[in-house]
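As a plain string of letters, each chain reads:
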Amino acid sequence: MDNFAIHPVSRFAGTSAAIRRPKEIAYFSYDDKHDFYLDERSLRYYYPPNIGADLSKGFESFQQLDDTADDHLDSLLKTIIDLERRTGTKCAADIITWRGMMTKIMATPFDNMNGFEMNATRFQVGKPKAVVASSPFIEENHEHKLESRKAQHGQPSRPGAPSQDLMSYWGYKFETLSLIPDQWNSTPREFIERREDMVVNNYAQYCSIVKTGIGKARLVIGGEVDALWDCKPENKDEPINWVELKTSAEIENDKDVLKYERKLLKFWIQSFLLGVPRIIVGFRDRNGILQRLEEMETKDIPGLVKKRGKGTWDGNLCINFTASFLEWLKQTITSEGVWRIKRRERSPMIEVFKTEES
Amino acid sequence: MGVPALFRWLSQKYPKIISQVIEEKPEDVDGQQVPVNMAGPNPNGEEFDNLYLDMNGIVHPCSHPEDRPPPATEEDMMVAIFEYTERVVNMVRPRKLLMIAVDGVAPRAKMNQQRSRRFRSAQEAKQKDEDKEEFLKMLKSQNGGDLHEDAAAMVQKKTWDSNAITPGTPFMDILAASLRYWCAYKVNTDPAWEKVKIILSDATVPGEGEHKIMEFIRSQRSSPEHDPNTRHVIYGLDADLIMLGLATHEPHFRVLREDVFFQESKARTCHICGQKGHIAEACKGEVKQKDGDFGEKDRALADKPFIWLHVSILREYLEAELHVPQQPFRFDLERALDDWVFMCFFVGNDFLPHLPSLDIRENGIDTLIAIWRDNLPLMGSYLTKDGHVDLERAQFILDGLAKQEDAIFRRRRETEQRRDANAKRRKLEEQNRNGQKSSNGNSRTPGGRRGSPDYSSPANGVARGGKAKDPVFAPPNLPLFVPGRGELTKEERAVTHDMIVNRGAVYKANAANKSVAAALKSQFLGGNQSEPPAIGSNDVSEKDVEAEDEQGDVAEHAGPTDTPISASKKRKAELMEDDDAGTPGRDSPVAGKPPVDSDEPPPDNVRLWEEGYADRYYETKFHVDPKDIAFRNQVAKSYVEGLAWVLLYYFQGCPSWTWYYPYHYAPFAADFVEMDKMEIHFDKGKPFKPFEQLMGVLPAASNHAIPEVFHPLMTDEDSTIIDFYPEDFPVDLNGKKFAWQGVAILPFIDEKRLLDAMATKYPLLSAEEHARNEKGRDVLIMSDRHPLYEEIATNFYSKRQGAPKYKLNPSVSEGLAGKVEKNEDYFPQSSLTFPLGEGLMPNLEEDHSISVHYEMPHSSHIHKSMLLRGVKLPPPILDSADIAATKGRANNSGRSFGGA
Ligand SMILES: [Mg+2]
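Top to bottom, those sequences are chains Y and X.
Using the working numbering, read the first sequence as starting at 219 and increasing by one per residue.
Using the working numbering, read the second sequence as starting at 132 and increasing by one per residue.
If you're looking for bench data, these hints aren't it; they were derived computationally from the structure.
Just so you know, not all the hints are guaranteed correct.
[Stated by the list, open to error] Stretch by stretch, here's where chain Y covers chain X in the computed footprint (C-beta under 8 Å, at least three residues): (1) 353-362; (2) 922-931; (3) 938-950.
Virtual Cβ for every residue (Gly too), placed ideally from N, Cα, C.
Throw the hints in and build the complete structure from the sequences for me.
Given below as structure tokens:
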């Protein structure tokens, strides 16, 4: 077993390691039945919702995806296999994973409360005759995921406060209120105006798969993106104007500021990893009524937190931590098989050990 | 679209929408003119992205200015246009795009108005030339055949026919070539222009200038890459450009125009000799004073200040005004704004006569807003949606207006009678005053010059249902004789043009008084001398003079025109005496009183203020049986079609090139019935060819602008369409004061007969003429230093040529969406020459600009009246007091406050 020391985090301070702008290399969609398609049918566009909308509306008819089954990296793998088949070249990377895993890793220096457990697998994608060395795939340890979710939901909510379920509905509802299926020009007015009455369904997703790099590590990351701001550029090398949608409680006191700043850390990392340049936050009151919208540019968030906020986290430090950790991980996971990457709550280190020989 | 008095109404009701333009002017340093550096920051403290020029608003005043002598040649006109355009561009300093849009062939619906304007304009030009000729004779006989050369030359110069400003004429060809040259020249020589893309849409591209601009803005909005915070400025003369601005739903939008309230105390030029200081009726053909006019000829126009009209601030006002408390559906400002624009159409537009009961001067728009506010809960939603009118809901508005119609007419009558009484009283007082003073013939009514209104003060004097201002107004310092020519003899003083030429019966629409000239004339002719030559009570000072040509409503507040009522206008009016069509309305003599003499207007047989007016109206105006109610409803149905057409035209683009309102008059609100059962459908059709439009709108007198092969169609007695070109035609005052505000009764053009007749002549056209009749395309011009140049040049002119149609990459074009195509007339790195020779403008050996055809993106979707995502509204300008006042006024209107 090998350990990677998180502390002291100060050793990761300073100018950030080299980062490569994420570039979309492939994508897939789940439709509203959660069926998988190698196309962009679930790509959505952003058009702002009406202020004053009730985010609780339609809670009872929420069509929620049951994700208790472990579907591993299936969709990601299928898409990469297709990509390799189409291009005839191997999709080479040091790590291939979901955006969620990278988010947990990257937030580690400033997140003491949450642990994680991941499995890293080294195996060959596609035809066995591929010559290039296999890339390690990282996915969440499914049992751990279910357990920690249970723990979270088990927490009693404050009396009178909305339930965890309702609050997570607010997030989906906000997305439904803010999305249109086509560019604004081609979307009928009636659709835009009827969004408040639409049934909320979180089955459909568009997932972007990007190539990026942090420090010396080359990464392929897949993750859901909420919406397009304008359209995909004709030139594939130009960045895509993705939009990430988030909701947050209105900030009323100092405690809220801290809470919000911690949220911003997640918002920033998630968007940073997939190259989402713009985040739109819907602020809601305690009853889930949408109060206002705030548009922010991802790249500005660390600066905002540093200069105008309480400075509870440092973006560069996250990047440097991640660069160091990935570099270390690359050297640690040397042979094929399944490896566990684990951090316990409040632990000062990340443990890596092999669980299975291939 | 010119809505007379709209600008004044807007600026009084919504005073904060206007602010002064801060203009940097060229400086004189040691006798050298240092031009404005457009690259420098905009002195208005804000930068703009796009400037749109509704170019006819520049071409008209530069080619036949009102306040200075006209340019001597067409080359001079072009130079005047360049100078003026440059001044406007320097005010705005667009950083991304300049669009120059010249009126192309207009939809049929507009041609009726164009035809009427051009027929009158030709009639007037002819009249002016005749006047000059007669005057010349008169001068010769006066001075024993001795006449100063200059004076003779000036008088003899033919009036330039502004009808040449119509698509398809040789003049428009010259204009297009000149503008292409000038844009390239600026791009080559002015560093600030290197960064600007220029779209030139000349007269060969169909559509009215401002609507081509609207189409462009809509096309960009439909492109996902369009920056919703683009700062737009449109220059033009029509106040209703502000409505087009609203209709774009782009909040960062301004209209730029001259401050027409700003008056200098100088009179306009005489239309006979082109000099300042006297009116035509007083023209004596004096030699031009060299020191004055030439030296300052450009100053007069150059010095007129400009103003901004802020669409964003109008949005704020309307947000306060159109929000109805407790309305049973969500307030949507964008849709409320569309409804407001729609209601403005009722009060005046270029395509339909306004409803008899709605007049902007009587706050007709407020009347409609009050009805709209009252009925909003009943209608259940807005009247319009994305340029489509809901007829069932529109019925509520017209029903509401119908209830008030009788009362409006009666009130109008009362107001007029009161005003006439006041005018008479004032006139008497004045006569008394003049009698007491010396009879030097130069006394004036104290009135003071009319300056710019104080925009900082709140609107005043806009009483509901009343007149915005006292229409009887003293003309500002109108000099009768050439100033500083004290050596004139008494006889010389007395002999003026008008006295000679205008012997016939002089009809004056102004019933209140005789004009100066008329008074002089009566003296000269030895007639009744009881009326002294008083200046100051003439109605010309009523500034709501409707624009006579495409100069929009600029004249609405203009100072005194060159003559109180030009002779030709009087002539036109004379014609009316033979026309038994009466004139309902305001300035008619007391009912029953027969016209005493020709100075009185014809009798008003309609008398809107008396019961049974509708019967009389349809009988007199439409010549139909008063019992024929179905006819009235048919007229109303056509009118509804018209409203639907105009709304689509504004919000979606021309719905039909061929549709038009086939009557000279509007129906009453009460005639609109069962609107919910009406089905409205437009056939898109296609625009006329330029020559077809020319034949459709020009009178025979302007045939110099039309290829010769068509001339016989306009003049030969056996031409199958000779009836389209009457020499004389009646003008119905229709309740208005002045002949030029009246309705020209011209036959409507029958498209099929016109085209059939022209078809026989088409084979006879020369190749050059054929070319002038072709549909043209928009052109995109830019410097070879512009980032976009590389892409385009590589695609079209490198060894590895790309597709013939090249889609612009918005990240390189700064958001400009569309396609470009190679322009076969353009050769890279050739020389640039001024097309008119003459040496007035320099030639460049190597042209560092590129020119390609530009095609806007076409969307097959309805353009939605919505704000775009990402738009950041400008910080509010209105304070809580403004908003409270606006809300208060709105709440105190309508049903519960005396309205029906
Ligand atoms: Mg989201």
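For each hint, the structure was consulted:
Figure legend: the segment 353-362 of chain X, annotated as covered by chain Y; annotation consistent (4 residues with Cβ-Cβ distances under 8 Å, at least 3 required). Chain Y is given as covering the segment 922-931 of chain X, and this is violated because 0 residues of the stretch bring a CB closer than 8 Å to a CB of that chain, at least three being needed. Check result for the segment 938-950 of chain X against chain Y: holds, 3 residues qualifying (beta carbon to beta carbon below 8 Å, three or more required).
In summary, the structure is inconsistent with hint 2 from the numbered list given earlier, while agreeing with all the others.
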